[in-house]
Amino acid sequence: MPDHPFINYWNPSPAPADTLLSADTLCGDSLVPGFITTGFEGIINPIVRVTHEVLAGWNLIVLGAVLLLVVINKQLYPRQFRQILAVPGGVAHTNQLLREWTPSRSFIGFSFLVSYAVVMALFVQKACVVFSRDVSAYNGFRVFSIILACVAGWILVRHLILIWMAWLFHEKEVLPRQSTVQLSSATLVLLVIQPILWLVLYTPNSIFIWAGIGIVFAGALLRVILQFIETRLFSKMPSFYIFLYFCTLEIVPMTLLLVAGLRYFAHQPVI
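The opening residue of the sequence shown carries number 1 in my numbering; numbering runs sequentially from there.
Accuracy of the hints is not assured; some may be wrong.
Said to hold, decoys possible - Using 25 Å as the maximum straight-line C-alpha spacing, the simulated DMTMM-like pairs for lysine to aspartate or glutamate come out as follows: (1) Lys-236 to Asp-134; (2) Lys-172 to Glu-100; (3) Lys-172 to Glu-230; (4) Lys-236 to Glu-173; (5) Lys-172 to Asp-134.
Said to hold, decoys possible - Label-pair restraints from in silico Cβ distances: (6) Met-237 to Ile-207: 38 to 48 Å; (7) Leu-67 to Ile-251: 26 to 36 Å; (8) Tyr-241 to Arg-82: 25 to 35 Å; (9) Ala-218 to Leu-69: 19 to 29 Å; (10) Arg-99 to Trp-164: 18 to 28 Å; (11) Trp-164 to Val-114: 19 to 29 Å; (12) Gly-153 to Gly-89: 27 to 37 Å.
Hints in this document: simulated from the structure, not taken from any laboratory.
Glycine residues also receive a C-beta, built at the ideal position from the N, C-alpha and C atoms.
Produce the complete structure using the sequences and hints provided.
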């Protein structure tokens, strides 16, 4: 048997023993001197992993419950459901609705207002997450509960103001009309903004947030116009006072909240 069985075909003479180099020398010292013997002398600072995931498990439960409630109302109260959506069509639709039932005292009216408050609170929370890029600070259930309490409180305060204004100007017939218009506009916003909210959950992009803000402002503008028409036709208040009243109650607070929120997330003075 030959002394060197593994001889290179092109170099039949084996290299002398004193010229052989170790593998670590060829791969280490000859290419990167001191790679193995000398370590990294700097300081490694841990970096927090940035995530853009805004979807939480309880979000799906909340939206699923809202969708289930909408389907139940659609199946149990189909006529009332259509009448609520038809209120923006004109005063005649409001008259027909109020002749048959009272939205403020019905299950469908109460459930739609609750669903509207829940969906709006979830949308505001996700808008805070997207604008701030801070998932850990704004994406918890505690923050959602605080925002939901604020939205529900604002809806209640707005309804109490309507009651007070109806008592102050002795216009009790206008109150159910205003409540019906508010319910109709809230239901429309609830149905239209849900696809946007699903897109925000799975694709947290600011474009979808701005689209949702546009839907909310369009719903507020529709509510102001409808309430102005209903109040003007069924009350003796001057048109200028009605316009100032609804601007103070609807447009100005929402504009101030939007500007304050954008200033806050841009790290600018809110006031």
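*Hints the structure violates: just list their numbers, smallest first.*
Numbers 1 and 5 - these are the hints that the structure violates, sorted from lowest upward.
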